[in-house]
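Sequences and hints are given; from them, build the entire structure.
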Amino acid sequence: LAKTTQPISMDSYEGQEVNITCSHNNIATNDYITWYQQFPSQGPRFIIQGYKTKVTNEVASLFIPADRKSSTLSLPRVSLSDTAVYYCLVSYNTDKLIFGTGTRLQVFP
Amino acid sequence: DGGITQSPKYLFRKEGQNVTLSCEQNLNHDAMYWYRQDPGQGLRLIYYSQIVNDFQKGDIAEGYSVSREKKESFPLTVTSAQKNPTAFYLCASSTSDRTPYEQYFGPGTRLTVT
Numbered sequence: 001l002a003k004t005t006q007p008i009s010m011d012s013y014e015g016q017e018v019n020i021t022c023s024h025n026n027i028a029t030n031d032y033i034t035w036y037q038q039f040p041s042q043g044p045r046f047i048i049q050g051y052k053t054k055v056t057n058e059v060a061s062l063f064i065p066a067d068r069k070s071s072t073l074s075l076p077r078v079s080l081s082d083t084a085v086y087y088c089l090v091s092y093n094t095d096k097l098i099f100g101t102g103t104r105l106q107v108f109p
Numbered sequence: 110d111g112g113i114t115q116s117p118k119y120l121f122r123k124e125g126q127n128v129t130l131s132c133e134q135n136l137n138h139d140a141m142y143w144y145r146q147d148p149g150q151g152l153r154l155i156y157y158s159q160i161v162n163d164f165q166k167g168d169i170a171e172g173y174s175v176s177r178e179k180k181e182s183f184p185l186t187v188t189s190a191q192k193n194p195t196a197f198y199l200c201a202s203s204t205s206d207r208t209p210y211e212q213y214f215g216p217g218t219r220l221t222v223t
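Here the protein sequences line up with chains A and B, keeping their order. Following this note's numbering, the numbering of the first sequence begins with 1 at its first residue and continues without gaps. Following this note's numbering, the numbering of the second sequence begins with 110 at its first residue and continues without gaps.
Keep in mind the hints are simulated off the structure, nothing from the lab. Hints should not be assumed to be uniformly reliable.
When the alpha-carbon atoms are kept at most 30 Å apart in a straight line, the in silico DSS-like pairs for lysine-lysine are as follows [as the list claims (entries may be wrong)]: (1) A/K96 <-> B/K166; (2) B/K166 <-> A/K3; (3) B/K192 <-> A/K96; (4) B/K179 <-> A/K96; (5) A/K69 <-> B/K166; (6) A/K96 <-> A/K54.
And the structure:
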C-alpha cells in the first residue's frame, strides 16, 4: 500500500539549514517527488520537484537517494518567513497523487 | 495575471443543502484537481480531470460531484450526502507535459456547514 510520511513538526532558528525528510514506499522509476509550502488559509505553493539524485533551485534543494524510498527537502539559511507547513507529494504509478501529512516548520529569531 | 481563482473565500450553508464551489484557471492547463483539507491534516484528492468532459474519482469522492464542460472551469458540488462537509477546499491545475505534477493551487474556499 502506497504511503507517504513526514515528521509532524520541526523547529529551527534563523540562518540555519533545515532538512525535512519524506518517506515513500512503492515509488515507481518515473514517479516524481514534489514539495510544496503552505501558509495558513492559503493554497500550497510549489517549491521544487525531482525524481532522482539532486535538484537545486533558487530557494531549495531536493535530495533523492538511489533507492528512492525517501527524499529530503533542504532549505538553506531559513528566515522567519519560512515558518509554514511543508508537504511532499509523490506521484505513484503516474496517476495517483498522494500528499504527505505535512511538516510544520517553526523558525525562531 | 495568470492564475487560479476560487470563489467565494468563505461559504456558509445549512445542513442538507447542496453547494457549488467555483474554480477557474487562465493558465491553459489541461488538468484540474479538487482537494479537501481538514485542520492539521494533509490534502486529500476528491476528483480530478485531465481533459474537458472527462473526470476521475479521487480518494474521497463520495458525496461530491464535478463537471468539466470548459477547459478553464472545474466546479465542485458538495451534496447533502457528504457526511462531514465542513473543510477547506483547494482547487489546482497542472500541465500535461514534461512537468506534469507541478500543480498550481488556488487560494481555497473555506466551507462551513451547520
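Each hint, compared with the structure:
For the proposed pair A/K96 and B/K166, the alpha carbon gap of about 11 Å is at most 30 Å, so the pair holds. Between the alpha carbons of B/K166 and A/K3 the distance comes to roughly 19 Å, so the proposed pair stays at or under 30 Å and holds. Distance restraint check for B/K192 and A/K96: the Cα-Cα separation of roughly 24 Å lies within the 30 Å cut-off, and the hinted pair is therefore satisfied. For the given pair, B/K179 sits about 23 Å from A/K96 by alpha-carbon distance, which is consistent with the 30 Å threshold.
In summary, the hint linking A/K69 to B/K166 is supported, as the alpha carbons are separated by about 27 Å, within the 30 Å threshold. Only pairs whose Cα atoms come within 30 Å are accepted, and A/K96 paired with A/K54 is accepted, the gap being roughly 23 Å.
Taken one by one, the earlier hints all hold for this structure without exception.
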